[in-house]
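One line per chain: the protein sequences are B and H, in this order. For the first sequence, position 440 matches number 439 in numbering that gives the first Met the number 0, and the numbering has no gaps at all. For the second sequence, position 168 matches number 167 in numbering that gives the first Met the number 0, and the numbering has no gaps at all.
None of these hints come from the bench; they were simulated from the model. Where hints are given, some of them may not hold.
Note that the list lumps identical chains together, so a pair holds whenever it fits in one copy or between two copies.
What the hints assert, rightly or not - Calculated lysine-lysine pairs in the DSS-like style (CA-CA distance at most 27 Å, straight line):
| id | residue 1 | residue 2 |
| --- | --- | --- |
| 1 | Lys241 | Lys294 |
| 2 | Lys383 | Lys27 |
| 3 | Lys379 | Lys24 |
| 4 | Lys338 | Lys378 |
| 5 | Lys191 | Lys86 |
| 6 | Lys62 | Lys3 |
| 7 | Lys241 | Lys338 |
| 8 | Lys27 | Lys349 |
As the structure is a prediction and not an experimental result, all values here were calculated from the model.
Number of protein chains: 2
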Amino acid sequence: MSQKRIVIAGAGLVGSLTAVLLGRKGYKVTVLERRPDMRAVQIPAGRSINLAMSDRGWRALEKAGLAEEVRPIAIPMYKRTMHDEQKNLTYQPYGKDGEAIYSVSRGLLNKLLLSAAERDKEDVEILFDKRITDVDLDAQVLHIRDEETGQQQEIGYDILLGADGAYSAVRNRLMYNDRFSYSQTYIEHGYKELHMPPGADGKHLMEVETLHIWPRGEYMMIALPNPDGTFTCTLFFPWEGKESFASVQTDEEIDALFRRRFPDLIDLIPDYREQFRHNPTSSLMYVKCHPWNYKGNILLLGDAAHAIVPFYGQGMNAGFEDARIFTEMLEANDWDFEKVILAFAEIQYKNGHAVADLAMRNFVEMRDLTADPEFLLRKKIERKVHEKSPSEWVPLYSMVTFRETGYAEAWAEGLRQDRIMEQVMQLPGIHENWDSDAVTDLVLSLNKTVK
Amino acid sequence: MSQKRIVIAGAGLVGSLTAVLLGRKGYKVTVLERRPDMRAVQIPAGRSINLAMSDRGWRALEKAGLAEEVRPIAIPMYKRTMHDEQKNLTYQPYGKDGEAIYSVSRGLLNKLLLSAAERDKEDVEILFDKRITDVDLDAQVLHIRDEETGQQQEIGYDILLGADGAYSAVRNRLMYNDRFSYSQTYIEHGYKELHMPPGADGKHLMEVETLHIWPRGEYMMIALPNPDGTFTCTLFFPWEGKESFASVQTDEEIDALFRRRFPDLIDLIPDYREQFRHNPTSSLMYVKCHPWNYKGNILLLGDAAHAIVPFYGQGMNAGFEDARIFTEMLEANDWDFEKVILAFAEIQYKNGHAVADLAMRNFVEMRDLTADPEFLLRKKIERKVHEKSPSEWVPLYSMVTFRETGYAEAWAEGLRQDRIMEQVMQLPGIHENWDSDAVTDLVLSLNKTVK
Chain B
0 MSQKRIVIAG AGLVGSLTAV LLGRKGYKVT VLERRPDMRA VQIPAGRSIN LAMSDRGWRA
60 LEKAGLAEEV RPIAIPMYKR TMHDEQKNLT YQPYGKDGEA IYSVSRGLLN KLLLSAAERD
120 KEDVEILFDK RITDVDLDAQ VLHIRDEETG QQQEIGYDIL LGADGAYSAV RNRLMYNDRF
180 SYSQTYIEHG YKELHMPPGA DGKHLMEVET LHIWPRGEYM MIALPNPDGT FTCTLFFPWE
240 GKESFASVQT DEEIDALFRR RFPDLIDLIP DYREQFRHNP TSSLMYVKCH PWNYKGNILL
300 LGDAAHAIVP FYGQGMNAGF EDARIFTEML EANDWDFEKV ILAFAEIQYK NGHAVADLAM
360 RNFVEMRDLT ADPEFLLRKK IERKVHEKSP SEWVPLYSMV TFRETGYAEA WAEGLRQDRI
420 MEQVMQLPGI HENWDSDAVT DLVLSLNKTV K
Chain H
0 MSQKRIVIAG AGLVGSLTAV LLGRKGYKVT VLERRPDMRA VQIPAGRSIN LAMSDRGWRA
60 LEKAGLAEEV RPIAIPMYKR TMHDEQKNLT YQPYGKDGEA IYSVSRGLLN KLLLSAAERD
120 KEDVEILFDK RITDVDLDAQ VLHIRDEETG QQQEIGYDIL LGADGAYSAV RNRLMYNDRF
180 SYSQTYIEHG YKELHMPPGA DGKHLMEVET LHIWPRGEYM MIALPNPDGT FTCTLFFPWE
240 GKESFASVQT DEEIDALFRR RFPDLIDLIP DYREQFRHNP TSSLMYVKCH PWNYKGNILL
300 LGDAAHAIVP FYGQGMNAGF EDARIFTEML EANDWDFEKV ILAFAEIQYK NGHAVADLAM
360 RNFVEMRDLT ADPEFLLRKK IERKVHEKSP SEWVPLYSMV TFRETGYAEA WAEGLRQDRI
420 MEQVMQLPGI HENWDSDAVT DLVLSLNKTV K
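Chain B extracted, bound-state conformation (with noise of 0.2 Å):
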């Protein structure tokens, strides 16, 4: 086996997966973590955060050995269930009998991922409270600094991949590379998270298998279920504005919020008051770059390369895709990594951008179009033409979350499902005939027509 040393920035999520997938090869892999192990560490209040796990990521951790470990802490969500401000609910499927996303700890999924990657301790070093400083290109040297000593120390690297998050020290190196192009856009809603307690049983107070939504236009409340009878509960608001992080701070103003807007979960999170003022609020960023590669020594994965919002549960799925096809190509290319890394790197980032673009596109549709009837008949339609003929139709959402086309192919094939069924939706008296088969065979001619 080869020599090579390769070394990981970052053991987050998409770090320790692809220790575990380079580690179970032979590969000697040396994971920098810049925090603390955080199997050791308490995570604070209001920053437990909640994965939606679907097809991408637990096709990964398959090829990794690792699903079956993971299904214990996974909680099925079948379909949305929206809650209006008369506490009416109504629902939304997410795909055909059986198809769900799952709702995971970030946490518990993440010190899972560190334990299998150090089972294979004569292969996987993971290396904690490592902060790199700087990145020597032409030396491929990192240049590390202990958090808890402060002392200073060099690693050289043959591989370095920078899994090192949306504030990526590898990428902020790569920045000053010329023809290196770079945003990171700041979206003008912040979050904040609410944990809601379980009842007096010990069990959960809402719907368990859901993903609970409560759309208001221009900002939503969102909650998904844990296993311990508790649902994170997260609220997506402007920073600035009449409804607002800025307006909203004393009680009255909680208070007048939750009334008026959130009624049915005054009962649900009696500390609603107290959470809100206490708990952290924090912003929300994408990151777009180009190329992820430097020569074939460096490549930039998961939210390195591609940090997204969450609103179609995609970030870490999209990681772990990384993952898992940079592995394969490497299978398929007898584990040349300069080569891997050129091929991956052009190939990969126009999928990193078209996933940032569909995180965008789907917060207008949690947050405001879930609540329109018209939206709401046309995914019926769609799933309808879905059923009829799985193969021709694959609804956005569905290509997205229970298949694997390519995020760039996907997001072309969704505007142009746009071009269809707006056509679709004017056709006189579609709101009584939408479930006919004149307007499912119209629906399946147009898709072989419209470009």
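Since the structure of chain B is provided, determine the placement of chain H on it from the hints.
For chain H alone, kept in the frame of chain B given last:
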């Protein structure tokens, strides 16, 4: 007068001009420049760089009392001269009678501004070879390294103006702030300068008071006159592809390109092969960011805030306008720097984003549309309307170049003019009747109704 410590990062065009404007008011200003004093250094071949000064630039120089000093080194260009592949010439005036843009050497202009700033020795000091290595935002302290001696130094500031260019160190520090959106976008073209010597009589080999363009669709050459009888020619050319820097490298390939595409330059630049091989190839990028300030004590100006591609000749003009507007806002607000920094940043960033977009648009116009008879006809119609009714119809190019309409407003108005002129250009017989009163009247009437 206030004893505020004002530090300007960068002694380039915008930093020097700002130092003049503030120094004249009695403010103590320290300017930190990373490079050596350019007045003592020879500019290397292929790095001469001409600027096209237009009204925004002149107005700022007038405010600083320097316009008359600059006029002798500025050559007016009243029109575009297009060179086709058969050596034919066509012409397109820039504006109305007497309206011109001015070719100025970047280096000469910068030296003149440095000396003007230092004339005011009591108030302005310029320190060279000082690299900003970090900015402590809370303590308001700059960490500096002397590039000659390696000595470290700290300098406090009350107000820090980041005029340190496209690769601004001040902006790089702000980039790590929460909610600082940033993009650097490299375009698919690079550029290479070629030097056209004077004739045997010491005079220019081509018509002087014009900007020469060789529009070639996907790329172009341009040439701007210098006072010493030379022209600076610049080839804007793709990095990759069939005709590109990657595919044109040997003498044979360079020869083939020039024989086919630039036949009239072969005699005018006898050593074009050697120059093409030896002169550097540089990349082109633009920067957008937001916000341009940090609280009320740091403000980005010029390229640091809005580096743009050179195709509208607006980079320096936009930067000078920043300095002029900033100073005028200070005058109007009793020199309340904190208040003006907040207000300026929030007003001007939209113009910075717009001028970046305008510059990209003009690349397509210069390299492609100036060879398109339909486009040239449209421009002729617009000019006629403008002459008939100068206040009602100001062509986009004139708004940008000869007026001081905010770039964002000009950009929006330009898009509206596009919609009007698309209708006009589709009139039957437009090629014959373009200069009839009926056409002029139609444009003016559409101008009242089209949104």
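Tell me, please, which holds for Lys191 and Lys86 at an alpha-carbon limit of 27 Å: within, between, both or neither?
-> within (22 Å within a copy, 66 Å between copies)
Between the shortest in-copy and the shortest cross-copy C-alpha distance, which are at most 27 Å for Lys241 and Lys338: within, between, both, or neither?
-> between (53 Å within a copy, 24 Å between copies)
Under a CA distance limit of 27 Å, which applies to Lys241 and Lys294: within one copy, between copies, both, or neither?
-> This pair counts as between: shortest inter-copy Cα distance 23 Å, intra-copy 49 Å.
When no copy is named, should Lys338 and Lys378 be tagged within, between, both, or neither for a Cα gap of at most 27 Å?
-> neither (43 Å within a copy, 50 Å between copies)
When no copy is named, should Lys62 and Lys3 be tagged within, between, both, or neither for a Cα gap of at most 27 Å?
-> Within one copy only: 23 Å inside, 63 Å across.
Between the shortest in-copy and the shortest cross-copy C-alpha distance, which are at most 27 Å for Lys383 and Lys27: within, between, both, or neither?
-> neither (50 Å within a copy, 73 Å between copies)
Between the shortest in-copy and the shortest cross-copy C-alpha distance, which are at most 27 Å for Lys379 and Lys24: within, between, both, or neither?
-> Answer is neither; intra-copy 46 Å and inter-copy 69 Å both fail.
If the cutoff is 27 Å on CA atoms, where do Lys27 and Lys349 land: within, between, both or neither? Let me know, please.
-> Neither: 30 Å inside a copy, 50 Å across copies.
In summary, the numbered hints that this structure violates are 2, 3, 4, 8.
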